[in-house]
Amino acid sequence: MIEELTVTLPAPSGMQERNAYVYRPDFDGRFPVLYLFDGQTAFRDDRAPYGASLRLGELLDEMHAPLIVATVECDKRDRLSEYSPFVFASRFGKSTGQGKQFMDWLTGAFKRQIDGAYPTLSDCAHTYLMGSSMGGLMSLYGLARYPQIFSRAAALSPSLWTDLVGCGQLLDELPADARLWLDYGEVELRQHGKNQARALRMAEEKLSGRAGCEFHIIAGGRHDEASWRARLPQVLAFLDVTANAP
Numbered sequence: 002m003i004e005e006l007t008v009t010l011p012a013p014s015g016m017q018e019r020n021a022y023v024y025r026p027d028f029d030g031r032f033p034v035l036y037l038f039d040g041q042t043a044f045r046d047d048r049a050p051y052g053a054s055l056r057l058g059e060l061l062d063e064m065h066a067p068l069i070v071a072t073v074e075c076d077k078r079d080r081l082s083e084y085s086p087f088v089f090a091s092r093f094g095k096s097t098g099q100g101k102q103f104m105d106w107l108t109g110a111f112k113r114q115i116d117g118a119y120p121t122l123s124d125c126a127h128t129y130l131m132g133s134s135m136g137g138l139m140s141l142y143g144l145a146r147y148p149q150i151f152s153r154a155a156a157l158s159p160s161l162w163t164d165l166v167g168c169g170q171l172l173d174e175l176p177a178d179a180r181l182w183l184d185y186g187e188v189e190l191r192q193h194g195k196n197q198a199r200a201l202r203m204a205e206e207k208l209s210g211r212a213g214c215e216f217h218i219i220a221g222g223r224h225d226e227a228s229w230r231a232r233l234p235q236v237l238a239f240l241d242v243t244a245n246a247p
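Numbered per the numbering used here, the sequence shown spans residues 2 to 247.
The set of hints was computed from the structure by calculation and includes no laboratory data. There's no promise every hint is true.
[Unchecked claim] Straight-line C-alpha distance at most 16 Å; calculated EDC-like pairs for lysine to aspartate or glutamate:
#1 K101 / D79
#2 K112 / D124
#3 K95 / D124
#4 K207 / D173
#5 K77 / E18
#6 K101 / D76
#7 K95 / D79
#8 K207 / E174
[Unchecked claim] Computed Cβ-Cβ distance ranges for the label pairs, DEER-style:
#9 Q170 / D47: 34 to 44 Å
#10 A118 / A198: 27 to 37 Å
#11 R202 / E5: 37 to 47 Å
#12 R78 / R211: 31 to 41 Å
#13 P176 / R202: 21 to 31 Å
#14 A90 / A198: 13 to 23 Å
All C-beta atoms, glycine included, are put in the ideal place defined by N, C-alpha and C.
Can you make the complete structure from the sequences, with help from the hints?
Pasting the structure below:
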């Protein structure tokens, strides 16, 4: 079941109302929560900007997964600023580095709203993050800087190129017991620039041999929802979302 609600949150341009979506299983119990970035691409193709979503609800129904997913649509006017803790300028645009502001809201007001309205397991051990591209960067950021809230995260094709030094520090700051899935698509790596190649090498080196963390290059993987959707079964298995399935 997917419920739609309206939330008010601080955005780079001021307070905004946004659509939020919550997936909950159709059976009883208390459940872990996965906080997902880019709610507009989470569940429905007709809400996704390019007509393709992750269809995550369909997959979780098939898995009979005991998991709640909570997600908010991004700031369509300034996604780079909202989904980055770093200030940067690139050919894709500029970021004023408002990622901390967004994460403070997500881990504060939004999490309290979700925990108050749904049958969640609200402790750190049962609270996860997942995102792709800039959302992947934010998943790493959340796991590193909010260890009292999140214990596991999946960063799909994360935009580590935005600040190699800053992202290297985030990888170094990961708690010893954190679980992180980080990946890139083989095809996307050939299509992007030198900073992306440097980001790949850095992530691979820092995660190599680290317990609880996995780094993957996905054969044939591109930087799009279809590719991310195709590897969701692997990602969800890593996050162990079916551990307590009835």
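Structure-based check of each hint:
1. K101 / D79: With a Cα-Cα distance of about 15 Å, the restraint between K101 and D79 holds, given a limit of 16 Å.
2. K112 / D124: Holds - the C-alpha atoms of D124 and K112 are around 11 Å apart, at most 16 Å.
3. K95 / D124: Violated: K95 and D124 sit about 35 Å apart, past 16 Å.
4. K207 / D173: Holds, because 7 Å separates the two Cα atoms, which is no more than 16 Å.
5. K77 / E18: holds, 12 Å
6. K101 / D76: holds, 14 Å
7. K95 / D79: holds, 9 Å
8. K207 / E174: holds, 11 Å
9. Q170 / D47: 34 to 44 Å: Holds - the Cβ-Cβ distance for Q170 and D47, about 39 Å, lies within 34 to 44 Å.
10. A118 / A198: 27 to 37 Å: Given a distance of about 44 Å, which is not inside 27 to 37 Å, the answer is violated.
11. R202 / E5: 37 to 47 Å: holds, 41 Å
12. R78 / R211: 31 to 41 Å: The hint (31 to 41 Å, Cβ to Cβ) holds, given that R78 and R211 are roughly 37 Å apart.
13. P176 / R202: 21 to 31 Å: holds, 23 Å
14. A90 / A198: 13 to 23 Å: holds, 20 Å
Going through the hint list in order, the structure does not satisfy hints 3 and 10.
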